[in-house]
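Input sequences plus hints: build the corresponding full structure.
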Amino acid sequence: MGFGGNGTGTAVATRTPPATAKVTRTTLTATKTVDGTLGYGDTLTVTGKSQGTITWLPGEGSTITRGHGVYSVDADRRPLLYGTMPLYRTLEDGVEGRDVELLERNLDKLGYTGFDVDKEFTWTTREAVEDWQEDLGLDVTGKVQPGDVAVADGQIASPIVSSSLFTLL
1475 MGFGGNGTGT AVATRTPPAT AKVTRTTLTA TKTVDGTLGY GDTLTVTGKS
1525 QGTITWLPGE GSTITRGHGV YSVDADRRPL LYGTMPLYRT LEDGVEGRDV
1575 ELLERNLDKL GYTGFDVDKE FTWTTREAVE DWQEDLGLDV TGKVQPGDVA
1625 VADGQIASPI VSSSLFTLL
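Take any residue in the sequence shown, count from 1 to its spot, add 1474: that is its number in the working numbering.
Incorrect hints may appear among the rest.
[What the hints assert, rightly or not] Restricting the straight-line Cα-Cα distance to at most 30 Å, the calculated cross-link-like pairs of lysine-lysine (DSSO-like) are:
(1) K1583 to K1617
(2) K1593 to K1583
(3) K1523 to K1593
(4) K1523 to K1583
(5) K1496 to K1506
(6) K1593 to K1617
(7) K1523 to K1617
[What the hints assert, rightly or not] Now the in silico label distances, taken between C-beta atoms and shown as ranges:
(8) R1499 to T1527: 50 to 56 Å
(9) T1511 to W1597: 48 to 54 Å
(10) G1628 to K1523: 19 to 25 Å
Honestly, the hints are just simulated from the structure, not real lab data. Note that the Cβ used here is the ideal one computed from N, Cα and C, for glycine as well.
Here is the structure:
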């Protein structure tokens, strides 16, 4: 037997009228006032460590997660890394410290492999950084400058900002 058919295998279309309801126009008769503040939570200051013009900002109210752009300077995206300390020096071959571990932990969480997550920036870390830079469409240097990324302790909500261009000095 056909689906909804007459036994011949041929479907029969049936129309069901749409549900309707009578609309009544009236005046609002009750209100309630409550105390409160609307906002996006705690303020977060993002410090840029490079010079240039901010050419892109995320949309209002969007949530920025690890590896995604916080803003762009001169058309280069500055991705978010999770951590508790900002990058304060160039990370490159031979550098050691907690900032290297922060970078490597983020690269690992973003799916880059071939290095140990530790405090040493080795040639294997450089190769992962080069792959990451290539994937971001940046100049492939194998080094990470303090102004190349933004660091926060977790995801951040984009504030309401103007889309006009700002200059970092």
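Hints and how they fare:
Between K1583 and K1617, the direct Cα distance comes to roughly 19 Å. Compliance with the 30 Å bound is thereby established for this hinted pair. With a C-alpha separation of about 16 Å, the suggested pairing of K1593 with K1583 holds against the 30 Å cut-off. Note on K1523 and K1593: the hinted pairing holds, with a Cα-Cα distance of about 22 Å set against a maximum of 30 Å. Between the alpha carbons of K1523 and K1583 the distance comes to roughly 24 Å, so the proposed pair stays at or under 30 Å and holds.
Only pairs whose Cα atoms come within 30 Å are accepted, and K1496 paired with K1506 is accepted, the gap being roughly 27 Å. Of the supplied pair hints, the one linking K1593 and K1617 holds, its CA atoms being roughly 15 Å apart against a limit of 30 Å. Taken as a hint, the K1523 and K1617 pair is honoured in the structure, with Cα atoms around 15 Å apart against an allowance of 30 Å. For the pair R1499 and T1527, the supplied restraint of 50 to 56 Å holds, since their beta-carbon distance comes to about 52 Å.
A hinted range of 48 to 54 Å for the beta carbons of T1511 and W1597 is consistent with their spacing of about 51 Å. Our hint of 19 to 25 Å for G1628 and K1523 holds, since their Cβ atoms are close to 20 Å apart.
Against the hints set out earlier in the document, no violation occurs for any number.
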